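Enquirer: Using the hints provided, position chain B relative to the given structure of chain A.
These protein sequences, in sequence, are chains A and B.
Residues 1 to 719, numbered by this note's numbering, are exactly what the first sequence covers, in order.
Residues 1 to 196, numbered by this note's numbering, are exactly what the second sequence covers, in order.
To be clear, the hints were calculated from the coordinates, so they are not data collected in a lab.
Keep in mind that a hint or two might mislead.
Claimed, not checked - Derived DSS-like pairs: lysine-lysine, alpha-carbon spacing no greater than 27 Å straight-line:
#, chain 1, residue 1, chain 2, residue 2
1, A, K444, A, K454
2, A, K690, B, K144
3, A, K378, A, K686
4, B, K144, A, K693
5, A, K651, B, K144
If you're wondering where the values come from, they're calculated on a predicted model, not measured in any experiment.
These are the residues of each chain, in order.
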Amino acid sequence: MCTLKPHQVDFDLAWNKLVRTVDRVLQCEDVAKETWTDTFFTIYSLCVAAPEPHCGSLYTHVNSFLQQHCQAVLQRLDQVPDVELLAAYHRSWRTYYDGSSYLHRLFRYLNVHHVQKKQPSDADLCYGGMTRSADAHTLEVFELAMDIWYRMLQQLAPRLCPLVLAQIELSRRGVSIDGSRLSSVVQSFVDVVHWDRKRCLTFYTEQIEQLLLAQTAEFYAAEGDALFARQPVHRYIELVLQLLREDGERMQALLHPSSVDKVRQEAEQKLVENFLPQLNQAAVGFVEQEESTNLANLFQLTRSLPEGHKELRRLFEAHICSAGEQALATVGSSEPAAAAQEFVDGLRQLHEKFKAWVRGTFNDDAQFDRSLDLALSKVVNQLDAAAVSDSELEEKLSQCIGIFKYVEDKDVFQRHYQRLLSKRLILGVSHSSEAEEGMISKLKSACGYEFTSKFQRMFHDVRLSESQSSDFADAHGRDALGISLHVFVLTQGAWPLQASNTPFPRLPSPLERGVTLFQRYYTNKFQGRRLTWLHAHGTADMKLKFSRTYSATVGAAQAILLLQFNDLPASRTLSLADLANAVGVGEAELQRCLAPLIDCGILQADATGQQLHVNQEFHSKRSRLRVLPAPAKEAEKEQERVASQIQEDRKFFLQAAIVRIMKDRKRLNFNSLTQLVLVQTTPRFKPEVKMIKTCIESLIEKEYLTRSQAKLDEISYNG
Amino acid sequence: AGASTPHLKIGAGGVAHLCRDLGLDPVDIRVLLLAWLCRAREMCAFTEAELRRGCAALRQAEAPTADGLRAALDARLDAMTVDVAFKDLYRWAFDFGLESGQRTLQLPMATDLWALVFEARPSGVPPLLGAWLTWLQSGASGVKGVSRDTWNMFLTFIDTCGSDLSAYDHNEAWPSLIDDFVEAETDRANQNLLNC
Numbered sequence: 001m002c003t004l005k006p007h008q009v010d011f012d013l014a015w016n017k018l019v020r021t022v023d024r025v026l027q028c029e030d031v032a033k034e035t036w037t038d039t040f041f042t043i044y045s046l047c048v049a050a051p052e053p054h055c056g057s058l059y060t061h062v063n064s065f066l067q068q069h070c071q072a073v074l075q076r077l078d079q080v081p082d083v084e085l086l087a088a089y090h091r092s093w094r095t096y097y098d099g100s101s102y103l104h105r106l107f108r109y110l111n112v113h114h115v116q117k118k119q120p121s122d123a124d125l126c127y128g129g130m131t132r133s134a135d136a137h138t139l140e141v142f143e144l145a146m147d148i149w150y151r152m153l154q155q156l157a158p159r160l161c162p163l164v165l166a167q168i169e170l171s172r173r174g175v176s177i178d179g180s181r182l183s184s185v186v187q188s189f190v191d192v193v194h195w196d197r198k199r200c201l202t203f204y205t206e207q208i209e210q211l212l213l214a215q216t217a218e219f220y221a222a223e224g225d226a227l228f229a230r231q232p233v234h235r236y237i238e239l240v241l242q243l244l245r246e247d248g249e250r251m252q253a254l255l256h257p258s259s260v261d262k263v264r265q266e267a268e269q270k271l272v273e274n275f276l277p278q279l280n281q282a283a284v285g286f287v288e289q290e291e292s293t294n295l296a297n298l299f300q301l302t303r304s305l306p307e308g309h310k311e312l313r314r315l316f317e318a319h320i321c322s323a324g325e326q327a328l329a330t331v332g333s334s335e336p337a338a339a340a341q342e343f344v345d346g347l348r349q350l351h352e353k354f355k356a357w358v359r360g361t362f363n364d365d366a367q368f369d370r371s372l373d374l375a376l377s378k379v380v381n382q383l384d385a386a387a388v389s390d391s392e393l394e395e396k397l398s399q400c401i402g403i404f405k406y407v408e409d410k411d412v413f414q415r416h417y418q419r420l421l422s423k424r425l426i427l428g429v430s431h432s433s434e435a436e437e438g439m440i441s442k443l444k445s446a447c448g449y450e451f452t453s454k455f456q457r458m459f460h461d462v463r464l465s466e467s468q469s470s471d472f473a474d475a476h477g478r479d480a481l482g483i484s485l486h487v488f489v490l491t492q493g494a495w496p497l498q499a500s501n502t503p504f505p506r507l508p509s510p511l512e513r514g515v516t517l518f519q520r521y522y523t524n525k526f527q528g529r530r531l532t533w534l535h536a537h538g539t540a541d542m543k544l545k546f547s548r549t550y551s552a553t554v555g556a557a558q559a560i561l562l563l564q565f566n567d568l569p570a571s572r573t574l575s576l577a578d579l580a581n582a583v584g585v586g587e588a589e590l591q592r593c594l595a596p597l598i599d600c601g602i603l604q605a606d607a608t609g610q611q612l613h614v615n616q617e618f619h620s621k622r623s624r625l626r627v628l629p630a631p632a633k634e635a636e637k638e639q640e641r642v643a644s645q646i647q648e649d650r651k652f653f654l655q656a657a658i659v660r661i662m663k664d665r666k667r668l669n670f671n672s673l674t675q676l677v678l679v680q681t682t683p684r685f686k687p688e689v690k691m692i693k694t695c696i697e698s699l700i701e702k703e704y705l706t707r708s709q710a711k712l713d714e715i716s717y718n719g
Numbered sequence: 001a002g003a004s005t006p007h008l009k010i011g012a013g014g015v016a017h018l019c020r021d022l023g024l025d026p027v028d029i030r031v032l033l034l035a036w037l038c039r040a041r042e043m044c045a046f047t048e049a050e051l052r053r054g055c056a057a058l059r060q061a062e063a064p065t066a067d068g069l070r071a072a073l074d075a076r077l078d079a080m081t082v083d084v085a086f087k088d089l090y091r092w093a094f095d096f097g098l099e100s101g102q103r104t105l106q107l108p109m110a111t112d113l114w115a116l117v118f119e120a121r122p123s124g125v126p127p128l129l130g131a132w133l134t135w136l137q138s139g140a141s142g143v144k145g146v147s148r149d150t151w152n153m154f155l156t157f158i159d160t161c162g163s164d165l166s167a168y169d170h171n172e173a174w175p176s177l178i179d180d181f182v183e184a185e186t187d188r189a190n191q192n193l194l195n196c
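Extracted from the complex, chain A is given alone in its bound form (with noise of 0.2 Å):
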């Protein structure tokens, strides 16, 4: 009797025999299989039906159908009292949606075939302003049956949504209740609005979550009211962590997941935002005290809050700050190299303690990271710059270059560490090369490549000058010259030294045709360079020979002097004039030069300290010395030589950048100006506003830029 076939049929026949069966269904009782067959294929034949399909017809007697399903519901449901009316209505519920779902299935073909030809397209839902609905016939079966249901809510919600806070209240208060029947009565809330994509979650929102949000707002403003008053401030927080804990696993399981986070927000509001004031009156001691485990409860418990933390982070500021002062109060006492050490080492202690806190207490917060970094700087740039910058510094630093990225007037130390990494290359007393690239490779990756590319050229000269030395050596042969000669062949600019003003003392023999060969060999193979010969940062390795023969490192005018007694008779002496004379240098400077020759005990002064002769009678017992002239004086000179030349730098380097940005932007108010002038120098160096002015003024003189005529803080370049 199954044909497929159109048919005429007789709908209030089939109606009536269909609707039994759908009855059983929605009420999710045993359907026989072949009836539902049966049912599914009068179904078919009616939304095929010859000549006319009852399509329409089926829709709206299902549709009639369901709300008298529905209405039945809640009139049986009005009579229910209300202790029971939480169960009545989950039963009721829990069944009608397994029935529609059934029924949506057996309807399919008048799913497919009327009702999804009739629904607009996504686009027109989206945009178009139109909506599905019963009475055109574009929801389906089980949308139907939804939105029916959602009616039949919407006139027992008064009664049952207090039902629901009830429920959860008790719960609040520790009463154990039916959490996945409540669950499943919140859910409907959702279920019937469900295939509204536009307001899928309004009902539930103005039915339930409203109602508990203010509920939620004035248990715990009681409840945190009664906590605070009975606990001291410490375990408060801790009963707050766990209370809004629980509340959250609370929330979870009960309602839709939208609403957890502004549940909390409310409970915290109340818990937490309002006891503020006090609860960061109590980190004070939490931090001085450096309780750690009420530290961490008191971050977590404010984490969530904005600006919650500003003052816990500014509490740990300050006590870093204190606490490096403390450390720090002793160092620059002692001796400078060992005040280095022991800086270097306080901040490094400093730097892993709070670290420490940072990792554990706070959770690796990147803004209480923050926060260290700015305290330490803080710490490290409040100190006496001349800690920062002394010689032995930068030894102990290749040791903790972390220390490192806190110094802000980076300049400075580029400036320090060119001019200490000029004297280890030259005067090859670098503990080892390894250790020297190892720092600069360091350097480079702390602060860019522009930072370090000076001191790599430094390097290059110097492994250059050693091969172009022993070619040399090798072109004249290497005894030819009676002495061997180490030429530096270094890189104008690349290098913090500078020709002397005074012309150096004429070279001893050996040593002027030496240089002058040389000269002729590198200008022949390099053409075009010119070479500007620094004497006086030179050094000579002589042979003494006195009852042993001793070698000496000594600086190139003492060479010059040594040799002025050689060709004497043992017992001769040379006056002061004479030598001076004799090398050409200044009282001073000859001074400087003899002393560690007298000090080590190769030359001998008179009573009067004018006359000077060989010691016959020296005597060491080391068979190498050194005996370099200290840089006594020069280097306090150098030192402010230093500091002028980077002040200069920098006023380059501020001028460059503006005129940079100007370039760029064309036109920039003041401030701006400034503001990205900051960002280009002070990876480098943290220049003060006002000379950041200065350099404007500057380029406004020399008509690089404008000051715009009608706005005062206006700058336009002139391109």
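Expert: Okay, now just chain B, sitting in the frame of chain A:
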């Protein structure tokens, strides 16, 4: 005092003579006013073209009488009621005082001009001017010259901050010389308060 031959120029002596005829001190504001109207390029000298331009601006005949010129100058000074005109005079004064080939005004010249030019200001000599000049002349500023920017901005500063410094905002783009002045002035005021 008119010149009859083209391209002629009167020098320092001639200017002194002119001033005497006009019955004016050479450092009177009205002489500066005349120079401005003439658009004179250098101090203590007028070319014939400049003088003609000045006379035209004063609506005087080609060869005015000393009395006529003097009366016109007096009237012009009284008529300086527009800030725009004063601003032009003020800005021009910088170039007038500038030695040729220089970019900055020498400090003594700058202070002299400042003392003079504000006499023509429609709203009167600003109260701050005295303190400003004293501070500059004390050498506390450490500057030897005044740039055009600072010169121009000083007028804006006077107009904005008026008689007291409460309107002054350190974060604005004032030239650093003005910043320094305000700082010194505030320090002095605080000092006075302490001494009271």
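Enquirer: Each of the hints needs a verdict: does it hold here or not?
Expert: Quick rundown of the hints versus the structure:
no.: 1; hint: A:K444 to A:K454; result: holds (11 Å)
no.: 2; hint: A:K690 to B:K144; result: holds (19 Å)
no.: 3; hint: A:K378 to A:K686; result: holds (13 Å)
no.: 4; hint: B:K144 to A:K693; result: holds (18 Å)
no.: 5; hint: A:K651 to B:K144; result: holds (20 Å)
The structure is consistent with each of the numbered hints, conforming to all of them.
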